[in-house]
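Chains as they are written, first to last, in the numbering used here: chain A, 1 to 317; chain B, 1 to 270.
To be clear, the hints were calculated from the coordinates, so they are not data collected in a lab.
Even for Gly, the Cβ is constructed at its ideal location relative to N, Cα and C.
Hints are not guaranteed to be accurate.
[As the list claims (entries may be wrong)] Partner residues are not named here, just some residues of chain B that face chain A (Cβ under 7 Å, in silico):
hint, residue
1, Pro150
2, Thr237
3, Glu239
4, Ile249
5, Leu258
6, Leu269
[Stated by the list, open to error] Keeping only pairs whose Cα atoms sit at most 25 Å apart, straight-line, the calculated DMTMM-like set for lysine to aspartate or glutamate is:
hint, chain 1, residue 1, chain 2, residue 2
7, A, Lys250, B, Glu46
8, A, Lys250, A, Glu95
9, B, Lys164, A, Asp63
10, A, Lys17, A, Glu95
11, A, Lys3, A, Glu156
12, A, Lys276, B, Asp252
13, B, Lys268, A, Glu95
14, A, Lys3, B, Glu46
15, A, Lys188, B, Asp170
16, A, Lys188, A, Asp210
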Amino acid sequence: MAKVLVFIDTPGPALKKSSLELLTIARSLGEAAVAFNGELHDDVAAELAAYGAGELYIPAAADLNDYLVGPKAAFLAAAVGTSGATVVLAENSAEGKEVAARLGIKLGAGVITDVVAVDPDGTAHKSVLAGSYTTTARATTPVAVLSVKANSVAPEPAATATAPRPVTVELPADATAGAARVTARTEKAASGRPDLSEARIVVAGGRGVDGNFGPLEDLADALGAAIGASRAATDAGWIGHDAQIGQTGKTVSPQLYISAGISGAIQQKAGMQTAKVIVAVNKDAESPVFEIADFGIVGDLFQVLPQATEEIKKRKG
Amino acid sequence: MEETLKIIVLVKHVPDAQFDRHLGGGDNTTDRSESILSELDEYALEAALQLIEARGGEAAGNKVIALSMGPAGAVNAVKKSLQIGATEGVHLSDDALAGSDAAATSLALAAAIRHLGADAPADLILTGMASTDGETSLVPAQLAERLGLPQVTFAASLELDGGKLTARRDGDSHADTVEATLPALVSVTDQINDPRYPNFKGIMAAKKKTITALTLPDIGVEPGQVGHAGSWTAVETAEARPPRTAGTIITDEGDAGLRLVEFLAAQKLL
Ligand SMILES: Cc1cc2nc3c(=O)[nH]c(=O)nc-3n(C[C@H](O)[C@H](O)[C@H](O)COP(=O)(O)OP(=O)(O)OC[C@H]3O[C@@H](n4cnc5c(N)ncnc54)[C@H](O)[C@@H]3O)c2cc1C
Ligand SMILES: Nc1ncnc2c1ncn2[C@@H]1O[C@H](COP(=O)(O)O)[C@@H](O)[C@H]1O
Numbered sequence: 001m002a003k004v005l006v007f008i009d010t011p012g013p014a015l016k017k018s019s020l021e022l023l024t025i026a027r028s029l030g031e032a033a034v035a036f037n038g039e040l041h042d043d044v045a046a047e048l049a050a051y052g053a054g055e056l057y058i059p060a061a062a063d064l065n066d067y068l069v070g071p072k073a074a075f076l077a078a079a080v081g082t083s084g085a086t087v088v089l090a091e092n093s094a095e096g097k098e099v100a101a102r103l104g105i106k107l108g109a110g111v112i113t114d115v116v117a118v119d120p121d122g123t124a125h126k127s128v129l130a131g132s133y134t135t136t137a138r139a140t141t142p143v144a145v146l147s148v149k150a151n152s153v154a155p156e157p158a159a160t161a162t163a164p165r166p167v168t169v170e171l172p173a174d175a176t177a178g179a180a181r182v183t184a185r186t187e188k189a190a191s192g193r194p195d196l197s198e199a200r201i202v203v204a205g206g207r208g209v210d211g212n213f214g215p216l217e218d219l220a221d222a223l224g225a226a227i228g229a230s231r232a233a234t235d236a237g238w239i240g241h242d243a244q245i246g247q248t249g250k251t252v253s254p255q256l257y258i259s260a261g262i263s264g265a266i267q268q269k270a271g272m273q274t275a276k277v278i279v280a281v282n283k284d285a286e287s288p289v290f291e292i293a294d295f296g297i298v299g300d301l302f303q304v305l306p307q308a309t310e311e312i313k314k315r316k317g
Numbered sequence: 001m002e003e004t005l006k007i008i009v010l011v012k013h014v015p016d017a018q019f020d021r022h023l024g025g026g027d028n029t030t031d032r033s034e035s036i037l038s039e040l041d042e043y044a045l046e047a048a049l050q051l052i053e054a055r056g057g058e059a060a061g062n063k064v065i066a067l068s069m070g071p072a073g074a075v076n077a078v079k080k081s082l083q084i085g086a087t088e089g090v091h092l093s094d095d096a097l098a099g100s101d102a103a104a105t106s107l108a109l110a111a112a113i114r115h116l117g118a119d120a121p122a123d124l125i126l127t128g129m130a131s132t133d134g135e136t137s138l139v140p141a142q143l144a145e146r147l148g149l150p151q152v153t154f155a156a157s158l159e160l161d162g163g164k165l166t167a168r169r170d171g172d173s174h175a176d177t178v179e180a181t182l183p184a185l186v187s188v189t190d191q192i193n194d195p196r197y198p199n200f201k202g203i204m205a206a207k208k209k210t211i212t213a214l215t216l217p218d219i220g221v222e223p224g225q226v227g228h229a230g231s232w233t234a235v236e237t238a239e240a241r242p243p244r245t246a247g248t249i250i251t252d253e254g255d256a257g258l259r260l261v262e263f264l265a266a267q268k269l270l
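Excised from the complex, chain B in its bound form:
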């Protein structure tokens, strides 16, 4: 087992959290105009690159495929992944995908992963711990279920030895060591590594790398299985919360601790 590794990394294009984010349009979906590669997916990409580099890299026949599903702009998440070091990119895009919930997203991604594995199935599917916009963490578990793969989620460390994978998962009341055999689906946390930045060489090299565009017919999915029609949840109303505003700010003149307690007492918080 594991002569060479074929890894698919799932990368999402998300609104940049440094700016105000909005639920736009009439359908309460997220406005993606100011978007970037979800920073939590950079940890998955880094984990994939470290795994293949430890096995002789691309020269030895290993590869890392960055896959993103999303509208036209999502190709930027794929491009960024290629600059960071992915071998090739895949952009799944189709008008019918708009408004997909986690169930519909996982259906489309599972079909794309099967399509990409038609000649040789991937050994590992790597994802981020959560998308920084949806924040649901549903997609990795749903993909594992749909693909019938062992689920190793929230990995804070990851080691591969032959066909066996070992990960550490840090829970609230306990920390676990988890084992699974390849092929497997792994989501990684931001504890696992320090993602690299694209350098000039990487940016130049990325220009020569392939990005495959896929649409629903390519992966054998009907329009009605995804998007609003194929989703099992519907957002009915969305209301912007008034942004928090600053309250009273004081500078300590030796009595700030006492004034803090007065504030708490006035708020009935003691």
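So that you can see chain A by itself, here it is in the shape it has in the complex:
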């Protein structure tokens, strides 16, 4: 049976939902193993066992986070060598994709990014050109490296839990030579809302919010949603750049995307038009966002959103 290696990088005290999804996919393809970087908290170890990880490959060096990308790819290449894995699954974040990219060159392995489903025979499904095409692709090499988008499968624990066997992986002596060093790191405060890439519902605001995300935050809290933004809103400094959705921000595919005060430029659409249901609130009936909205409201977001929030609260009692 194929050995499938899941890369989990510095999860902190609990695994992200996307990591649980990768483990679930790994088991559907073969025997799941984990290449783990960072501090291993007890709860994380328990989750890895519940999700059926056979082995836990851990780098002999503890300083991988002091460098950008290169040394992590060197660790992963060594872990593939030790484990004999033929499929590697990584998170579809910017760094996850870059580690996958370099790993591909080290192993002579095909890399496929933005994967939304993997068939048991290794065929990867993805959508390209801003969601206008769906494609299937395969790595034609002995090892395949796939980065998988969040919300691709429902996470499911293994039928029987495992007791993951720790295996220490030595890094090549030159693993950190010539790598860019991280000399300072500022952690960002957690919002308490769902992670934007993983959220079922996203409420996004643009220039139309005019500096006041309050009504969007209230609606997001009533719906259990994440907050997103257009570039106009992040450039204005009303909200952090990590909230930006679009070509140069995040690509999201939630069940519901509520767009408020966003005109719907092509670069914004690139990040959200694969959402299942799109709702748009905009004062201007001519806004291009209405061309892709399932439910569009021509109106003032400062009237419409608070009224909706009140009604949702009332219904939820």
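Keeping the supplied structure of chain A fixed, place chain B with the ligands upon it in accordance with the hints.
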């Protein structure tokens, strides 16, 4: 170190996203008929120009080389780069390159970069954060790996001091300051600067600038190492998604918030 700077900027010719884009032909590759310089590469070009201008520009012996790999039309991305201000251009083109995936693209670009550095290696390779068609962001990391250069990707700021480079990288859970020594590979985001437009003077000056055409034999790459044959991934099927169509549009008459909630309830989204 760093008496003069030699910077290679990678510029890609991509289908204009303002028009419908298609996967054409029998091989599921992108149709490039309505194409432009990838707008995200303009940020890399601008960063390169600012770096050399701060060091006396071309007059002081600094140069910015715009390199594009792609079919005949890709020379337009090089021309546009020259109009914006690049010193010289290079167009790598060969029929065997058609259908190259990221691995094959990075192999060819790495060979071209080595070729261009034969007399004096470049101090800096600058790229965009992603191509606006492939959107994979694989090429910069793969180039760094192939060239054995420090990788400084998604730079939202970039400073050079002697042979040392400092960049800011804005991640989801943290923002980092990153340092590396030259030579290095840097990809920049659209946060780094405001790209300039070509002006009349630039357009006229570009006509006198050199564009070097390279083919695979020039850079020592065999046809089988690139294109479909040299790619490690294959696209098997491609299906156009039906375009999204507009649904119900209402105008607020004082109750739109309530109607929104009714819609969400009907869709079982509450
Ligand atoms: C290289 C590049 C990359 C880019 N990447 C991205 C990206 O990743 N993401 C992104 O979003 N953009 C991106 N952009 C920018 C994009 O082109 C648009 O400029 C941007 O999306 C516009 O943001 P907006 O819709 O919020 O602002 P605007 O276009 O100004 O629209 C504001 C809208 O708010 C409406 N409005 C105003 N007041 C109200 C109110 N009270 N109630 C309801 N509606 C109201 C107006 O009618 C208008 O339609 C990029 C651009 C470039 C060149
Ligand atoms: N064919 C190409 N020619 C020149 N540069 C390229 C090419 N493909 C990719 N690049 C560079 O690599 C960056 C990232 O591209 P990608 O990995 O395709 O998303 C682009 O912004 C370009 O700077």
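Straight-line alpha-carbon gap lysine 276/A to aspartate 252/B, limit 25 Å
holds, 24 Å
Against chain A, run the beta carbon of glutamate 239/B and see if the smallest gap drops under 7 Å.
With Cβ-Cβ at 5 Å, under 7 Å, it holds.
Please verify whether lysine 188/A and aspartate 210/A have alpha carbons no more than 25 Å apart.
holds, 24 Å
Should the interface hint for isoleucine 249/B be scored as holding, given a Cβ-Cβ cut-off of 7 Å against chain A?
holds, 4 Å
Hey, lysine 188/A versus aspartate 170/B, does the alpha-carbon distance stay inside 25 Å?
OK: lysine 188/A and aspartate 170/B at ~10 Å, within 25 Å.
Status of the hint placing proline 150/B at chain A (closest C-beta pair under 7 Å)
Hint holds; proline 150/B Cβ to chain A Cβ min 4 Å, cut 7 Å.
Interface hint status, leucine 258/B versus chain A (Cβ within 7 Å)
holds, 5 Å
Hint consistency between lysine 3/A and glutamate 156/A [alpha-carbon to alpha-carbon, up to 25 Å]
holds, 19 Å
Given pair status - glutamate 95/A, lysine 17/A, alpha carbons within 25 Å
holds, 17 Å
Given leucine 269/B was flagged as interface, is its beta-carbon under 7 Å from a beta-carbon of chain A?
Because about 5 Å separates leucine 269/B from the closest Cβ in chain A, which is inside the 7 Å limit, the hint holds.
Decide if the proposed pair is consistent with the structure: lysine 250/A and glutamate 95/A, CA atoms, cutoff 25 Å inclusive.
holds, 13 Å
Is the shortest C-beta separation between threonine 237/B and chain A less than 7 Å?
holds, 5 Å
Hint check: violations occur at hints 13 and 14; the rest are consistent with the structure.
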